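Use the sequences and the hints to build the structure in full.
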Amino acid sequence: ISTVSVLYCTPTPHMGMQGFYLAGGVRLCVVVAAVVADWAVRDYDESGERACILGGLGHWDGVFFRDVARRGFYGYDFFAMFQPLYPAVVRTVTHLLQIEETECATLTVGVFLSNVFFALSAHQFHQLCLHLNTPHTREALLAYSLAPAGVFLSAFYSESLFALLSISAMLWYVQGRHILSMVSIALAGLTRSNGILLAGLMIHKGLSGRGWYG
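1 is the number of the first residue of the sequence shown in the numbering used here; add one for each residue after it.
Hints are computed from structural coordinates only; laboratory data are not their basis. Nothing here was measured: the structure is a model prediction, and the numbers come from that model.
Computed spacing ranges between beta-carbons, pair by pair:
id : residue 1 : residue 2 : range
1  : W39       : M17       : 29 to 39 angstroms
2  : W39       : T134      : 41 to 51 angstroms
3  : V63       : P135      : 41 to 51 angstroms
4  : Y21       : L132      : 16 to 26 angstroms
Note that CB positions come from ideal geometry on N, CA and C, so glycine has one too.
Now the structure itself:
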């Protein structure tokens, strides 16, 4: 989350699911723009799935995440740098929907989930702003949703799931729901290795001298 986003929040209780709808609308625009750009501009990295309309959102690290999601395991040793939770979620949802595990189908499920995760993270971010009772929630949601690097939050990447788990951990921590916060931190660590830094919340809790339910 950008520093600007955290500093500019305002309590507007009647906004409801505005964060979810705003982020969802922005994500839709980003996906459409990515599809058009992929069609109009020759790719520098052509490792994505060219036969799929969403191929432009599956390049770079997305190739490795997609391979793990399809295989169900790491095909090569260096794949271990990619944490397992995101491809495991994509693989599980693909199986539950009984979708054939083609490159395009796996990519489509992953892109859909990434965008849903981001919209949910925006909702949790909005709730965090309200709880902290600080000014300019609308501006914060816009800053979060329109971040220049936001395309990675719509691609076959783990960033959106990590954002959802990280923000949820912070929200539940300030709400005093520390068990849920710990679970979210653990899952964030399984999504991206830097999720371990969120353990600082629990260290702070331990040093504060209060019980886990206080």
